[in-house]
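Whole structure, please, built from the sequences with the hints as guidance.
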Amino acid sequence: MLTIFAMMMVTTILMNYYRLMAATGDDIASAQDGILATTIATSYMELANGLAFDSYTDTGHVGSSQKSLLTLATNLGRESSYEDSVHKFDDYDDFNGFSIEREAGGTGRRFRTLFTVFYVQPNNVSAYSGNREFVKRMDLKIWRTFPRPEANSRLDTLKVSQVRGYYHFD
Amino acid sequence: MMDVMISMIFGGILLFIVVSANDIAVENQAVYNGDMLVQEMLTATVQLLEGELRNMGFGVPETVPTILTADTSTIVFLTVLNRTATVPDTVRYFIGDTTDLSGTQNERDRLLYRRVNSEKVLSVGTVTVFHLDYITKSGEDLATPVDPGRLAEIHVVDVTIEVQNPHAPYRDANTVKAGQRNALYSSSMWQQTRLASQNSQR
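Residue numbers (the numbering used here), protein chains in the order written: chain A, 101 to 270; chain B, 260 to 461.
Derived by calculation from the structure, the hints in this document are not laboratory data. Just to be clear, a hint being listed does not mean it is correct.
[Stated by the list, open to error] The calculated lysine to aspartate or glutamate pairs, modelled on EDC-like cross-linking and capped at a C-alpha distance of 16 Å, are: (1) B:K396 to A:E183; (2) A:K188 to B:D400; (3) B:K396 to A:D158; (4) A:K188 to B:E399.
[What the hints assert, rightly or not] Using C-beta positions, here's what the derived DEER-type ranges look like: (5) A:K188 to B:P428: 44 to 50 Å; (6) B:V277 to A:Y228: 57 to 63 Å; (7) A:N116 to B:S377: 55 to 61 Å.
[Claimed, not checked] Rough simulated footprint, nothing fancy, chain A against chain B, three-plus residues with beta-carbon under 8 Å: (8) 290-297; (9) 442-449.
Virtual Cβ for every residue (Gly too), placed ideally from N, Cα, C.
Listed below in structure tokens is the structure:
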């Protein structure tokens, strides 16, 4: 009787211990995914920062009283089918609605990124604006597509935002 | 007597389970520690590197080329490190040889070096891979070393860094297959695109 009781106790302790070990392993794997997703996010944000603020400002300047020259909030996105890859984008909002999948640096892990670009209120960059503004926000969502994450993964989707303002020196 | 025999058998089984679990726990703990260590090493190295690459060309006159050398594992560029200075600094990042770290168990790790102007060379981290790719605005991958005549075309620098732990628990020799390494090295990767053009495309 005592032996069986001891066996049950040891089994319980071992089960808990293995669960803890597995959780630690998941946390570390999740941290690695977080690092990779962050590198992807910052890479795209870096590329986006190198582009013009708007398709109009790609070739000209917009004065503070000429907001109406900017792209309509409903038209933010790619201007033509030619802009089918990141390297062909010429302005910040070309990323709007764009989705791309890539492998993270020879790790065998693939991540998909979904972009959303919209105008935000200059005095409150967390608030969406349906009007033309001199401030745009890019939201990125990045998640691992291969190998598919477990249902109970700690990190499912990384969400990152970047705000971009337009200015020029006269 | 029968009870004692059964108890001894169960006791033996329990002892075996506990010893096996302990072995696995020790190995896993070492691997997890290694994983955590390489992630910390990687982020520490990258923080410095990405900050400087971001500021590549800062404060450099428009008529002066920014990137002076662009090779697979070496980059030399100009930037003003001290905001009050007027003369740009020459910053060089390059990778050392594996023999620099022959004292470590990992035969692939090397030091990543940084040198500013003609100051003393400093190591900024331990890496196993430090690979640079250079891409033009039109998306062309430039062959390395980049021809001096095409340095001004560099629009994007792709940085790939891998860090492995210098020491790791050895595997059981019987389980090591051909092509496999004899220790459980942890690895962490970083691949980032850095825009060179903000200050440097000239």
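C-beta pair K188 of chain A, P428 of chain B: status relative to the range 44 to 50 Å that was hinted: holds, 48 Å
Given the hint that K188 of chain A pairs with E399 of chain B, does the C-alpha gap stay at or below 16 Å? Distance of about 12 Å is within 16 Å: holds.
With the threshold set at 16 Å, check whether the alpha-carbon distance from K396 of chain B to E183 of chain A stays at or below it. Since the Cα atoms of K396 of chain B and E183 of chain A sit roughly 14 Å apart, the hinted pair holds (cutoff 16 Å).
Examine the region 290-297 of chain B: at least three residues should have C-beta closer than 8 Å to a C-beta of chain A. holds (count 3)
Three or more residues of the region 442-449 of chain B near chain A by CB distance under 8 Å? That given contact holds, which follows from 3 residues of the region 442-449 of chain B lying within Cβ reach (below 8 Å) of chain A.
With the threshold set at 16 Å, check whether the alpha-carbon distance from K188 of chain A to D400 of chain B stays at or below it. Measuring from Cα to Cα gives roughly 15 Å; hence the hint holds.
Kindly confirm whether 57 to 63 Å is satisfied by the beta carbon distance between V277 of chain B and Y228 of chain A. holds, 59 Å
Range hint 55 to 61 Å: satisfied by the CB atoms of N116 of chain A and S377 of chain B? holds, 59 Å
Measure nothing beyond the straight line between the CA atoms of K396 of chain B and D158 of chain A; if it is 16 Å or shorter, mark the hint as holding. holds, 15 Å
The structure agrees with every numbered hint stated previously.
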